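A.B. asks: Kindly produce the complete structure, drawing on both the sequences and the hints.
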Amino acid sequence: MKRTKQKEIILDAVYVLDHHPTADEIYLYLKKDYPRLSLATVYRNLNMYAQDGKIRKVSIPGDSERFDFNLSEHEHFYCESCHKVYDVKLNIGDVVSKISPFEISSYKLMLYGTCDDCLKNKN
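In terms of my numbering, the sequence shown opens at residue 42 and continues consecutively.
Keep in mind that the hints were calculated from the coordinates and are not lab data.
Owing to the predicted nature of the structure, the values given are computational and were not obtained by experimental measurement.
Errors might be hidden in some of the hints.
To be verified - Each computed PhoX-like pair below joins lysine-lysine, with the alpha-carbon atoms no more than 20 Å apart:
{"hint": "1", "residue 1": "Lys-125", "residue 2": "Lys-98"}
{"hint": "2", "residue 1": "Lys-98", "residue 2": "Lys-48"}
{"hint": "3", "residue 1": "Lys-125", "residue 2": "Lys-46"}
{"hint": "4", "residue 1": "Lys-130", "residue 2": "Lys-149"}
C.D. replies: Below, the structure is given as C-alpha cells:
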C-alpha cells in the first residue's frame with residue numbers, strides 16, 4: 042500500500058483515539074485540521090488497514106463498527122450505557138485449549154454490561 046499523508050493521519054488517529062473509535066469519530070477528529078478529507082476516504086483506508094492486518098475491526102451488533110490498534114489476542118467489553126469499548130485480557134483461548142481437544146487459532150469475544158464509570162454515575 043502506497044503511503045500518503047491521508048493514510049498516515051488516519052492510521053495515527055486510530056492510535057491517538059485509543060478508545061476503539063468509529064470511522065465517524067476518526068473523521069470528525071481529523072476534519073478540523075484536514076478539511077479536504079472525506080468520510081469515504083476514512084472508511085476506505087480503515088478497511089484497507091484492517092485487511093492488511095495493521096488494525097482490527099471490532100463489530101458490535103446494533104452499533105457502528107470500531108477499530109482497534111491492539112492486535113494481540115484479547116477480548117472486548119462493551120458498555121451498554123455509554124457505548125465505550127474496553128480491552129479485556131481473559132486468556133479465554135488458553136483456557137479452552139486446556140479443557141478441550143481443540144487447538145485455538147483465533148477467537149472473538151464481546152462482553153456486554155455497564156462500565157465502572159457508568160455504575161458510579163448511576164449511584
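A.B. asks: List, from low to high, the hint numbers that the structure doesn't satisfy.
C.D. replies: 3
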